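Chemist: Just so you know, the sequences run in chain order A and B. Going by this note's numbering, the first residue of the first sequence is number 5, and it counts up by one from there. Going by this note's numbering, the first residue of the second sequence is number 24, and it counts up by one from there.
A few of these clues could be false.
[Said to hold, decoys possible] Within a straight-line C-alpha distance of at most 16 Å, the following computed EDC-like cross-link-like pairs (lysine to aspartate or glutamate) qualify:
no., chain 1, residue 1, chain 2, residue 2
1, B, Lys100, B, Glu118
2, A, Lys127, A, Glu69
3, A, Lys174, B, Glu118
4, A, Lys177, B, Asp111
5, A, Lys82, B, Glu145
6, B, Lys131, A, Asp19
7, A, Lys43, B, Glu55
8, B, Lys127, A, Glu181
9, A, Lys227, A, Glu250
10, A, Lys43, A, Asp19
11, B, Lys25, B, Asp82
12, A, Lys43, A, Glu69
13, A, Lys104, A, Glu239
14, B, Lys38, B, Glu55
15, B, Lys127, B, Glu145
16, A, Lys152, A, Glu162
17, B, Lys127, B, Glu107
18, A, Lys57, A, Asp90
19, A, Lys177, A, Asp188
20, B, Lys127, A, Glu162
21, A, Lys57, A, Asp28
22, A, Lys174, B, Asp111
23, A, Lys227, A, Asp241
24, A, Lys227, A, Asp203
25, A, Lys82, B, Asp132
26, A, Lys104, A, Asp86
27, B, Lys38, B, Asp130
Think of the hints as simulated: they come from the structure by calculation, not from any bench. None of the values given here were measured: they were computed from a predicted structure.
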Amino acid sequence: MTPPDYEYLRKLLRDQSGLDLSTDKQYLIESRLLPLARKAGLSGIGDLVQKMKGGSAALITQVVEAMTTNETFFFRDKVPFDHFRDTIMPAMLKARAARKSLRIWCAAGSTGQEPYSLAMCLKEIGAALSGWRVEILATDLSQEVLEKSRSGIYSQFEVQRGLPIQMLVKYFKQIGELWQINPDIRAMVQHRQLNLLHDFAGLGNFDVIFCRNVLIYFDQDTKSNIFGRLARTMEPDGFLVLGAAETVVGLTEAFKPIADRRGLYQPNDARLARPPAHAAAPKLAIAAGG
Amino acid sequence: MKTCLVVDDSGVVRKIARRIVEQMNFRVIEAEDGSKALEACRRSFPDAILLDWNMPVMDGFEFICQLRRMPGGDAPKVVFCTTENGMDHIARALEAGANEYIMKPFDKDIVAAKFQEVGLVEAILT
């Protein structure tokens, strides 16, 4: 993609949706827009931009939607859920054995696939959790996606991406052409509208935070600021899970990576984490899904 | 190179499936019904079988029942790929020994996700 094409798309997205891409998000544009360009019979981003400049309103709408849509599916990336089952939960079952309660936060809960995937993981753990109080809080910027999450209703297409067929049979009911996750799984997840740029200290403390594929939309200072505040809402022995392409390295001292567990972090010492001296005015974020 | 047997009575579907599976680095064999698919399995077992349900001569359900009774017939990973999208069909397929189940229409992402699920391909991070 040529720099002028990138600048054109950046400006267009900023004007039309408030999405503020930094200067290094070429990969994000390519991964979202190349499939769209090909579907439209165009050879690449260059042709796509030409056509948009030619005034194709329909194409512009498609581009904005492709860039701001929450792409998410059940057990997305798989590895974080392996970590949840094999690392996080064994540690928590031990550490919280006396208290028998656990609080999990999906900070970019989107349309529900991530929180419900965690709920299904917990169901699979079974007897070891009997008598425990486990809370999963799913937050998102968008009321619309939260509504969808609450309904727990998914298309045939959505239940086929990432969800093992045995789990579909076990945890879903068929409603015509759609599939709804069972009431006992739905009841495990609470929903709340939340902008990560705003104060979230009121949510209380969490043992586990999934914050995947949302921070990529923020600038560096805002990322650091959010990491600092996440650390302060976490139990010192809690776990943070980031997206496959995300890291804390160079952004915060508040979390440390766990060796051999890609995407998994623990607070360094949450009580010592301080916000940056001057937190930059946060840029607008769009809803993104983990 | 792993082998995938694509079983479907529609030449168009076989062609689409072939393209998707070849992109995932499989060698593809085609069969137009369950009986032809059994012949192919008697010659040698593929690693994966992408299996339609409704076909003339022998349907996919009958095929998998016979396959799983063959010596060594429990080895191939069988992924149904059918317009039969009812819970009853899915449950019957799983009981008969299917490893995964795709409800048509399908695309590359779904096939990749299901092949990944049954361990035929490595996890792809998104």
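Chemist: Taking the hints in turn, state whether each one holds.
Modeler: Here is what the structure says about each hint:
1. Pair hint Lys100/B plus Glu118/B holds up; C-alpha atoms about 14 Å apart against a cutoff of 16 Å.
2. Distance check on the hinted pair: Lys127/A and Glu69/A sit about 35 Å apart at the alpha-carbon level, beyond 16 Å; violated.
3. Distance restraint check for Lys174/A and Glu118/B: the Cα-Cα separation of roughly 14 Å lies within the 16 Å cut-off, and the hinted pair is therefore satisfied.
4. Restraint check: the Cα-Cα separation between Lys177/A and Asp111/B comes to about 11 Å, which is no more than 16 Å; the hinted pair holds.
5. Annotation: proposed proximity of Lys82/A to Glu145/B holds, straight-line Cα distance about 11 Å (limit 16 Å).
6. For a cut-off of 16 Å, the pair hint linking Lys131/B to Asp19/A is broken: about 34 Å separates their Cα positions.
7. A threshold of 16 Å between alpha carbons decides the hint, and for Lys43/A with Glu55/B the separation of about 30 Å lies outside it, so the pair is violated.
8. Pair hint Lys127/B plus Glu181/A holds up; C-alpha atoms about 12 Å apart against a cutoff of 16 Å.
9. Restraint check for Lys227/A and Glu250/A: satisfied, since their Cα atoms lie roughly 11 Å apart, inside the 16 Å limit.
10. At roughly 25 Å between alpha-carbon atoms, Lys43/A and Asp19/A are farther apart than 16 Å, so this suggested pair is violated.
11. A distance of roughly 25 Å separates the Cα atoms of Lys25/B and Asp82/B; the hinted pair therefore is violated under the 16 Å criterion.
12. Of the pairs offered as hints, the one joining Lys43/A and Glu69/A holds, with about 15 Å between alpha carbons and a cut-off of 16 Å not exceeded.
13. A hinted pair counts as satisfied when its Cα atoms are at most 16 Å apart, and Lys104/A with Glu239/A qualifies at roughly 15 Å.
14. A distance of roughly 12 Å separates the Cα atoms of Lys38/B and Glu55/B; the hinted pair therefore holds under the 16 Å criterion.
15. Distance restraint check for Lys127/B and Glu145/B: the Cα-Cα separation of roughly 23 Å exceeds the 16 Å cut-off, and the hinted pair is therefore not satisfied.
16. Using a Cα cut-off of 16 Å, the hinted pair Lys152/A and Glu162/A holds, with the two alpha carbons roughly 12 Å apart.
17. Pair hint Lys127/B plus Glu107/B holds up; C-alpha atoms about 8 Å apart against a cutoff of 16 Å.
18. As the CA atoms of Lys57/A and Asp90/A are separated by approximately 50 Å, the hinted pair breaks the 16 Å bound.
19. A distance of roughly 12 Å separates the Cα atoms of Lys177/A and Asp188/A; the hinted pair therefore holds under the 16 Å criterion.
20. For the hint linking Lys127/B to Glu162/A, the alpha-carbon distance of about 13 Å falls within 16 Å, and the restraint holds.
21. Note on Lys57/A and Asp28/A: the hinted pairing is violated, with a Cα-Cα distance of about 22 Å set against a maximum of 16 Å.
22. Restraint check: the Cα-Cα separation between Lys174/A and Asp111/B comes to about 12 Å, which is no more than 16 Å; the hinted pair holds.
23. Pair hint Lys227/A plus Asp241/A does not hold up; C-alpha atoms about 22 Å apart against a cutoff of 16 Å.
24. Taking the CA atoms of Lys227/A and Asp203/A, the gap is near 14 Å; set against the 16 Å cutoff, the hint holds.
25. Our distance criterion of 16 Å between C-alpha atoms is met by Lys82/A and Asp132/B, whose separation comes to about 14 Å.
26. Note on Lys104/A and Asp86/A: the hinted pairing is violated, with a Cα-Cα distance of about 22 Å set against a maximum of 16 Å.
27. Taking the CA atoms of Lys38/B and Asp130/B, the gap is near 13 Å; set against the 16 Å cutoff, the hint holds.
The structure fails to meet hints 2, 6, 7, 10, 11, 15, 18, 21, 23 and 26 from the earlier list, while all remaining hints are met.
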